[in-house]
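Protein chains: 2
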Amino acid sequence: MFNVNEYFDGTVKSLGFENKAGQVTIGVMAKGEYEFGTSMVEHMTVTSGEMKVLIKGETEWKTYGEYETFRVEKDSSFKVILEDQTSYKCVYS
Amino acid sequence: MFNVNEYFDGTVKSLGFENKAGQVTIGVMAKGEYEFGTSMVEHMTVTSGEMKVLIKGETEWKTYGEYETFRVEKDSSFKVILEDQTSYKCVYS
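Residue numbers (this note's numbering), protein chains in the order written: chain Y, 1 to 93; chain C, 94 to 186.
Next up, chain Y with everything else stripped away, as it sits in the complex:
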């Protein structure tokens, strides 16, 4: 019923679903640095922990804490640095 997705050798895992908000994934990332590409607009909300984020085309890393959201454009990418295990919700549009 719900797909489990794994990235970066299982250091990022997510569950996909769909409801009135649209297409959604919730996931967790291990401590580390990652870069993700986008094929849709992504609304990323930290749900536990903290993320340092650099969105493609920007020059400044920004830090997002619990229930803070950043938006990444379609066909773009973003880098994250995590000091601890961190969970997120991603809503696609």
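You may find that some hints are simply not true.
As the list claims (entries may be wrong) - Which stretches of chain Y does chain C cover? Using the computed rule of at least three CB atoms under 8 Å from a CB of chain C, they are:
1) 1 to 13
2) 19 to 31
3) 67 to 80
Honestly, the hints are just simulated from the structure, not real lab data. Ideal placement from N, C-alpha and C gives every residue a C-beta, glycine not left out.
Start from chain Y and add chain C according to the hints.
Okay, now just chain C, sitting in the frame of chain Y:
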């Protein structure tokens, strides 16, 4: 690295992790009715969708929406009714 847990024939799936918040799971539930027992205090936060909740010993169902939290005592239980796929975060203490 992250355990995937399945309950009720896969209609509830969760991912477990740990950070400064403590022991945490994030998960998603299909539309339906469920009852969960607790072996620790659980702080349940809806992260997408809506949950109707009846905590053991209470008489009134309450509805929790996005980023709203309810607390369930240790060695207790709670019932949820979901009209749509709904995600949550659970922090144990």
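Okay, the hints, checked on the actual structure:
1. With 6 residues bearing a CB less than 8 Å from a CB of chain C, the segment 1 to 13 of chain Y meets the requirement of three and the coverage assertion stands.
2. Coverage of the segment 19 to 31 of chain Y by chain C holds in this model, with 8 residues showing a Cβ closer than 8 Å to a Cβ of that chain against a need of three.
3. Coverage of a stretch by a chain is defined here by at least three residues with a beta carbon nearer than 8 Å to that chain's beta carbons; for the segment 67 to 80 of chain Y and chain C the count is 1, and the condition is violated.
In this structure, only the earlier hint numbered 3 is contradicted, and the remaining ones agree with it.
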